[in-house]
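The residues making up each chain are set out below.
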Amino acid sequence: MAVTDDVVLVDQHCHGVLVTDVTAEEFAAGLTEADTAGRPDRWRSMLGLAVRRWCAPVLDLPAHATPAEYLARRNDLGWREVTRRLLRAAGVGHWFVDTGYATDTSPTELADLGGGTGHEVLRVEQVLEDTTAGSATELLDRVGAALRASAAVAFKSVVGYRGGLGLPARRPSERDTRQAAERWLRGGTRLTDPVLHAWLVHEAATVGAETGRALQFHTGFGDADLHLHRADPLALTDFLRARRDVDVVLLHCWPYHRGAAYLAHVFDTVSVDLGLMVPFAGARTGAVIAETLELAPFESVRYSSDGNLLPEIHHLGAVLWRHHLGRLLDEWIGDGVLTAADAERLAHDVGGGNALRSAPHLLGDLDDQR
Amino acid sequence: MAVTDDVVLVDQHCHGVLVTDVTAEEFAAGLTEADTAGRPDRWRSMLGLAVRRWCAPVLDLPAHATPAEYLARRNDLGWREVTRRLLRAAGVGHWFVDTGYATDTSPTELADLGGGTGHEVLRVEQVLEDTTAGSATELLDRVGAALRASAAVAFKSVVGYRGGLGLPARRPSERDTRQAAERWLRGGTRLTDPVLHAWLVHEAATVGAETGRALQFHTGFGDADLHLHRADPLALTDFLRARRDVDVVLLHCWPYHRGAAYLAHVFDTVSVDLGLMVPFAGARTGAVIAETLELAPFESVRYSSDGNLLPEIHHLGAVLWRHHLGRLLDEWIGDGVLTAADAERLAHDVGGGNALRSAPHLLGDLDDQR
Amino acid sequence: MAVTDDVVLVDQHCHGVLVTDVTAEEFAAGLTEADTAGRPDRWRSMLGLAVRRWCAPVLDLPAHATPAEYLARRNDLGWREVTRRLLRAAGVGHWFVDTGYATDTSPTELADLGGGTGHEVLRVEQVLEDTTAGSATELLDRVGAALRASAAVAFKSVVGYRGGLGLPARRPSERDTRQAAERWLRGGTRLTDPVLHAWLVHEAATVGAETGRALQFHTGFGDADLHLHRADPLALTDFLRARRDVDVVLLHCWPYHRGAAYLAHVFDTVSVDLGLMVPFAGARTGAVIAETLELAPFESVRYSSDGNLLPEIHHLGAVLWRHHLGRLLDEWIGDGVLTAADAERLAHDVGGGNALRSAPHLLGDLDDQR
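Chains Z, S and W supply the protein sequences, listed in that same order.
For the first sequence, the UniProt record's numbering begins at 1 and goes up steadily by one.
For the second sequence, the UniProt record's numbering begins at 1 and goes up steadily by one.
For the third sequence, the UniProt record's numbering begins at 1 and goes up steadily by one.
The shape of chain Z in the complex, shown without the other chains:
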């Protein structure tokens, strides 16, 4: 019985799941951020091992079932039953769902399958890319209005994938922004203009600050489109120093999680998220969390799974977090590093309390779970 066992999680950054059965190739593609899934064998990785160990029993198979056995059983049960089992066993009370990727299920549909409540995380690049306007002024106004009007629980930017995280401390000038918007209106489809992107992120920060919503950034580990260096969260330093009005969440972070922890240490508005690495690093989850905790205040660390497409990822995020953080905390209790009460509080805060504190309208749930 670890102190993490009964924490009702807030999965503060995830995506929807596929609503069909999958082939072996499609499943393998879900186990990697690569855009290919032939060689190397994706089951032969920390994540693949974790699926066999932790997910197989949820489908009534023995732990460490073979990939072939797993996939056969998965299709016997059918995607809906598999998804229900895996998501429900994750023990999640709130799903914060980035609706910009893996959109077969809406936040509500994900929660219908998995229990708990679904909330949208709005990808700000998509807001701009989806907005039509007759003039630059209209475009900028409409984007700002869309952000303000959104019911999203948080905003998210993928600028780390585009121009990189080296955002300016200040919002670009009105004139530069208008010119960039005009260029965009003459034929943009994918936001890559650094001026317009900087304006958008500053605008989202402003709206976030006004409306009590955090701004999440993709940082660190991601797919083959990324230049990992440009996604180092430290590149955000000037932006973070200037924008202390808004809560910022650094997603994923690995292998820059220690630098992210430094940012969370020196800027009280910054939080570090554990998602993506928690499921992908498998049995190494505890080591990555421990490195993050070296410097990050415990109130500035947040659980998520970054689960997408395969409900196995959502599930593994939760069970690996419970198992490995639980084990780390048990060791620390045994060594006299902290008390059981301290450990319990840490687990509840990282597991959900910290995320709920920047989504105040959900705070009732936090009290319920205590």
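Rather than coming from a laboratory, the hints here were simulated on the basis of the structure.
It is possible that some hints are incorrect.
Said to hold, decoys possible - Computed footprint of chain S on chain W; a stretch qualifies when at least three of its residues, placed anywhere within it, have a C-beta under 8 Å from a C-beta of chain S:
{"no.": "1", "stretch": "233-239"}
{"no.": "2", "stretch": "274-284"}
As the list claims (entries may be wrong) - Selected chain W positions facing chain S (Cβ under 10 Å, derived; list incomplete):
{"no.": "3", "residue": "T36"}
{"no.": "4", "residue": "P40"}
{"no.": "5", "residue": "R42"}
{"no.": "6", "residue": "A50"}
{"no.": "7", "residue": "T189"}
{"no.": "8", "residue": "L226"}
{"no.": "9", "residue": "V288"}
Stated by the list, open to error - Sample of chain W residues at the chain S side, in silico, Cβ under 7 Å:
{"no.": "10", "residue": "R39"}
{"no.": "11", "residue": "H64"}
{"no.": "12", "residue": "H227"}
{"no.": "13", "residue": "P255"}
The structure presented is a predicted model; accordingly, all values stated were derived computationally and were not measured.
Glycine included, every Cβ here is placed at the ideal spot set by N, Cα and C.
Guided by the hints, dock chains S and W onto chain Z, whose structure is given.
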């Protein structure tokens, strides 16, 4: 009984302590490098846990006393008694005190409180900023003379906080230096000119080489003013390759401690310091030390606490180093990695011997403690 | 009995050994990547401890013999007997030998001493530097022909030591390449021209793709000539994204092994090598391997020793890999992370199978050892 238990430490980089009782807010501010100390709760961190675990018993409280209990007892005893207890229990024979920050106590006053002997570490930027002169030539001469005349045990540069560690391999030309000095005399108050800064560091290196004093650099983890990337010790590579005449100590280093260990491996004049992270990482101290030892020669690693303002930091540097390095070495002895005699020698060298070797006039003390 | 014990290794990147007895100074120089070997004492490092622990018994000394005892016994036995014992005890079936450094022994001579079979790894910079030609066209043609005609098992580039790993995604234009070749013919002796270097690496990639040979890159940890930042494997991202036609092996990697593991995760043509760090990190080998395995697919990780000059390095690569990976896998088996069969397969693949798969003509040996 670990091999680290009876090492008389050389705290080769620390600062003075406050000489007043502190409020809860002031204490919390001392537990962080952030410039704010409200939210998140600074007690809820590896460092905060370590205060409750290790410092509370020194004040006659049970381990893991609450923050409120700790602060109440601290003020009951009064700052002087608390400071005496915490510093003396650290078991430090020599304090190398950077007199450029947290200056309520001089090196001698710190040693009066904590036992052992105090020595000044001279911050070279402060020397220049405090020098008045009628001409560029006079300024440069006076700075050089002040460095030469100083009784400091070592020099320290904070260029990592200003222009960054990318110092040129060569001293700027006389003409460029004179022009930079003239600009400075027309109204500088905080040294940020890269030419004048490069001259200053090269001058300090030259004086250090001539007089047998090491040159310490702030690298890695520090406060919210920092751009951590620019404080990566690897940026010093060209400078270190060119200036093999002077002993250089890379302070703090985290999260770049492995890169710092590489520099200590390839340049025999370079040492890696463990300070700041040893107290801040709390129970993770052993992991950080182990990563540093992967590549750094054992004769090129130095203990310090970077203690400042709160004597708790000085104390925790020592007890965490003893506990966690002691444990690591015990594990290694148990696994046959090294002998008990090897472990003892490593502990004595890192704990003080290595620092004393670049302060030859103190070496008598090293022999005493063996 | 660990699952790594009986793996016949493929040392997929090493060098030749000295064919003379060595002085204490020469031996110390072999224990470091520094270009000096006086102070600090090179025996007092993780590598030095590992020599005393693991190599001393191979020379009939007790584990942890002193350096003086070790060196005396080493010279009593003579270099040939010492080398035979250390290399044979490594249990290596194939030696992939970079013939651009430490060339006293050819690949065949190394294998004669150590058992198994020797194969050449061809350093592409040396091919160009050794090629004479009367015109640019002739130079480029001859280099290409030399690569094609080579019997090498793999190519290797040290561009990380020269202009750095920031190679362009595309081969330079014919005109730029010809001009660069003309400049080279007017007096080059050491390849540093970025255009000609980029052409050379692209040409080697093309020939590698055509002839089924991997292209190895020096990345990360190396000697004092290096600027470690410029050897960060992530700088290769654009090149790797563009050149998915050729197998690429990232050598050494530390302290950037997690970034290297990301590249191996997102690009299925990329492998991560463990060499150099495995012997140098000594008892920390297990930690470095574990960090690499967080994200690298198991089929994309390769054993090597990077042994050079001293056969102790080749030996320690093997015994440390067996001991520490074996221990990590035993722990994981005990914790239910994977099955014994999974662990055995991982050990065989990393130990040799993965390297043999990109050297198809050697694959018969892989089947033999299974």
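Going down the list of hints, with the structure as the test:
no.: 1; hint: 233-239; verdict: violated (count 0)
no.: 2; hint: 274-284; verdict: holds (count 6)
no.: 3; hint: T36; verdict: holds (5 Å)
no.: 4; hint: P40; verdict: holds (3 Å)
no.: 5; hint: R42; verdict: holds (7 Å)
no.: 6; hint: A50; verdict: holds (8 Å)
no.: 7; hint: T189; verdict: violated (21 Å)
no.: 8; hint: L226; verdict: holds (8 Å)
no.: 9; hint: V288; verdict: holds (7 Å)
no.: 10; hint: R39; verdict: holds (6 Å)
no.: 11; hint: H64; verdict: holds (5 Å)
no.: 12; hint: H227; verdict: holds (5 Å)
no.: 13; hint: P255; verdict: holds (4 Å)
Checked against the numbered hints above, the structure breaks hints 1, 7 and satisfies the rest.
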